[in-house]
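> Residues per chain are reported as follows:
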Amino acid sequence: MTTASTDFASVPQTWRRSHLLDLESLTTDELHLVLETAAQFKEATAGCARKISVLPGKTVCNLFFENSTRTRTSFSLAAKRLGAETVEFSATGSSVSKGETFIDTAKNIEAMNVDAIVIRHHTPGTPHLLAQNVHCGVINAGDGPHEHPTQGLLDILTIREHRGDLAGLTVALVGDIAHSRTARSNIWGLKKLGAHVIVCGPATLVARDWEKLGIEVAYSLDDILPRCDVLNLLRIQFERQTTRPFPSVREYALLYAMNRERISRAKKDILIMAPGPINRGVEITPEVADGPHSVILDQVTNGLAVRMAVLWLTIGNHV
Amino acid sequence: MTTASTDFASVPQTWRRSHLLDLESLTTDELHLVLETAAQFKEATAGCARKISVLPGKTVCNLFFENSTRTRTSFSLAAKRLGAETVEFSATGSSVSKGETFIDTAKNIEAMNVDAIVIRHHTPGTPHLLAQNVHCGVINAGDGPHEHPTQGLLDILTIREHRGDLAGLTVALVGDIAHSRTARSNIWGLKKLGAHVIVCGPATLVARDWEKLGIEVAYSLDDILPRCDVLNLLRIQFERQTTRPFPSVREYALLYAMNRERISRAKKDILIMAPGPINRGVEITPEVADGPHSVILDQVTNGLAVRMAVLWLTIGNHV
Amino acid sequence: MTTASTDFASVPQTWRRSHLLDLESLTTDELHLVLETAAQFKEATAGCARKISVLPGKTVCNLFFENSTRTRTSFSLAAKRLGAETVEFSATGSSVSKGETFIDTAKNIEAMNVDAIVIRHHTPGTPHLLAQNVHCGVINAGDGPHEHPTQGLLDILTIREHRGDLAGLTVALVGDIAHSRTARSNIWGLKKLGAHVIVCGPATLVARDWEKLGIEVAYSLDDILPRCDVLNLLRIQFERQTTRPFPSVREYALLYAMNRERISRAKKDILIMAPGPINRGVEITPEVADGPHSVILDQVTNGLAVRMAVLWLTIGNHV
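If you read the sequences in order, they're chains A, B and C. Residue 383 is where the first sequence starts when you use the numbering used here, and the numbers rise one by one after that. Residue 383 is where the second sequence starts when you use the numbering used here, and the numbers rise one by one after that. Residue 383 is where the third sequence starts when you use the numbering used here, and the numbers rise one by one after that.
Hints were generated in silico from the structure; no laboratory data involved. Some hints here could point you the wrong way.
Using 20 Å as the maximum straight-line C-alpha spacing, the simulated PhoX-like pairs for lysine-lysine come out as follows [stated by the list, open to error]:
hint : chain 1 : residue 1 : chain 2 : residue 2
1    : B       : K433      : C       : K462
2    : A       : K433      : A       : K462
3    : A       : K594      : A       : K574
4    : C       : K462      : C       : K433
5    : B       : K462      : C       : K462
6    : C       : K573      : C       : K594
7    : C       : K462      : A       : K462
8    : B       : K462      : A       : K462
9    : C       : K424      : C       : K462
10   : C       : K433      : A       : K433
11   : B       : K594      : B       : K574
12   : B       : K462      : A       : K433
13   : C       : K433      : A       : K462
14   : A       : K649      : A       : K594
15   : B       : K433      : C       : K424
16   : C       : K433      : B       : K462
17   : A       : K433      : C       : K462
18   : A       : K573      : A       : K594
19   : A       : K433      : B       : K574
Here the structure is a predicted model, which is why all the values come from computation and not from measurement.
Use the sequences and the hints to build the structure in full.
Written out as structure tokens, the structure is:
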């Protein structure tokens, strides 16, 4: 990396978006640019100097309609380390409960000269609707089961760090695909970069229809395991499920949990990822979570770098 | 505006208050000074440079005993953009629930070398009591139905921006006057600046007694509409009412909501204001809220400027 | 104090700890060093310049599993005044409620390049367990009834300010000793500095066993009162008690409350302390709380200085 590329003097002219709503609509070039920028931010903040004040005087607002600590904190820290001010808005106790519409709440936030709104909402498409109604930047931090683009980016950045080019790699997303915005963002991003994607889980959580996206659908982890370069173990999102998709947690773990025995049958250099929070004993056993294949904490660290990159790219040129 | 007036080097000697408790006790000169200072902060922060670090090392504490997101956020952002640190105290989970008195809580906050306490409390007069017991600055962010001085100031600043001198303008406050601290602060401020003030709403919410303040009392919006330069549409504060003051929301909207038809009978340049959060379909219809007469979002932006001005004036010279 | 000692250029080489878990394991030299450093921070921030940016780019996380406003705020302000970023994590709404283990939560926080975790937890030993599992600094902000080292330090700093050397002073801790982490931290710190410590309260809250720590156990405040240089009046922690340890609050106040009459029988220069929040009329009457012997608010101010010192000492050299 040259000095020129890391001074963050101005957002590259090839980046023209003031929002990050999903990975589906990003071009492959844009995807590469975000990842490269994130890698540069990571390198630039690896030492003592964790702060790079490229967004002085800017304000970033977290507008979260669903509980979140880690994503919210990650965005907030990313903004602060870029020298921006942060504002926290939550649905609880806010004007929303006084009958204000969602768009009015957002316009009020924007009117306080906020430069970017980071939004998490249970309804798919909310960030897209917001982007049509405000002039400030909009970053999707998760819209229901639809997309969670910065999670997809940080997962991909983590693979890229360990494997370089993603083309030709086989990446399996395991678990609750039906309710997972992380799965959708990963699928779009991984496919654009040439990876082979498998979604794997119980038939109640993995529809055959996913094949239409040009990915492989599997119901047996043991069948696909020997071919996988990366496993991304999704949480069973009990809080999003209205029916019981499998007989018991024990049954699920028996078929889909990564444990020592399965590691022994996997590729020697397999990467084990999980978006967290992990349920030890459900989708992953402690030996694997804390073992040499796990890059789970790298994902968290990369989340910061990705969010710094996304915030800078979208509002770094905002006047 | 000259350079000299916008460098914010020191608080004008004509300002001698270390608290802002209400608009009732401000002199007209003081009122002009706050408004002019707010206008200067707005201009100085209109471009990219939103931060003016005139309060470095100072700390501002939000001490809110009532839920609030927008006022709290506005004060917090104002403080941060002045370079101050902010501290958030809320009644929930705080020492107040362990039996500590309100004054002891405040004295503890002050003992952490806090320079200003921004207080919202359901009891009228709480900020005044606090000011007698602490040495730091006290800013009233709403004391029950009594006053909400920064809301009054931002409303007036918004009118001033669009109309210049307020003398001779007719401003109507419409709706729930009885429970509205915004109404009270507006009345004191507007009268000092020479405006003619009308309070208008159902008889259950607008007592004839208000005439004693030297303002006009009206029960029919349609009667006064042709004379009004500004309408300030107050929220029906369902949360403050213990009785049903009108038969139905539909009935209220029929008589008092600003809609397209009423706009057609108003002055061509009428300003439509609302302190927010607005209830679309109750006191205002969407066409009006989003229409050319609405300055509702200007109010939000001006709230920041007013709070920057008030914080700087009250604690800018604090040692 | 010389200029050299207050420039905070680098952490003294005699300090080698990256955690502050308790006062029990501190050496007397270490204790003196923290106190001296805190005194220097207090002096250096006494004027307008409250900010000493010796932790630029560092991040401090408050990880609180028990409600707290004042301790949390004190740590947060201390960090901000040192130029560090702060992150707030609370158990409510966080990943802990999604089934994540405590250690995983902490490791995730650390993976965001956090330099210190300030932890409060209801289980004794939690900070010690955490320190064994993360590489960042760990500060104990209260672990159940075990220790609350910064509270002990601020209490001692307050005595030191008013009396200088603590050797030979008689300090009585009065009230709910059984449930008090403040008592334990005070006992360890005070004994290391040569003070004579008395614990005093109802037999249901003060076991005879405390004598094994080399301190005096008393059940009558009136008996020990004439000998005391300092009284530290602990809160009756109703929220930690599962049984009724005394017949009534009135009975407790009759025997243990500091009031005007007891002051008249105490040493002329007795210091009255209380960790707060105080219950006026229970352990202390208003005349005493607001009287000339009370240094209760000094304790709060000193809390800031102590926390600045502790944060700087533990992570000031962290790379």
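> Determine for every hint whether it applies to the structure shown.
Now the hints, each set against the structure:
no.	hint	result
1	B/K433 x C/K462	holds (18 Å)
2	A/K433 x A/K462	holds (8 Å)
3	A/K594 x A/K574	holds (15 Å)
4	C/K462 x C/K433	holds (8 Å)
5	B/K462 x C/K462	holds (12 Å)
6	C/K573 x C/K594	holds (13 Å)
7	C/K462 x A/K462	holds (12 Å)
8	B/K462 x A/K462	holds (12 Å)
9	C/K424 x C/K462	holds (15 Å)
10	C/K433 x A/K433	holds (18 Å)
11	B/K594 x B/K574	holds (15 Å)
12	B/K462 x A/K433	holds (18 Å)
13	C/K433 x A/K462	holds (18 Å)
14	A/K649 x A/K594	violated (28 Å)
15	B/K433 x C/K424	violated (28 Å)
16	C/K433 x B/K462	holds (14 Å)
17	A/K433 x C/K462	holds (14 Å)
18	A/K573 x A/K594	holds (13 Å)
19	A/K433 x B/K574	violated (48 Å)
In summary, the numbered hints that this structure violates are 14, 15, 19.
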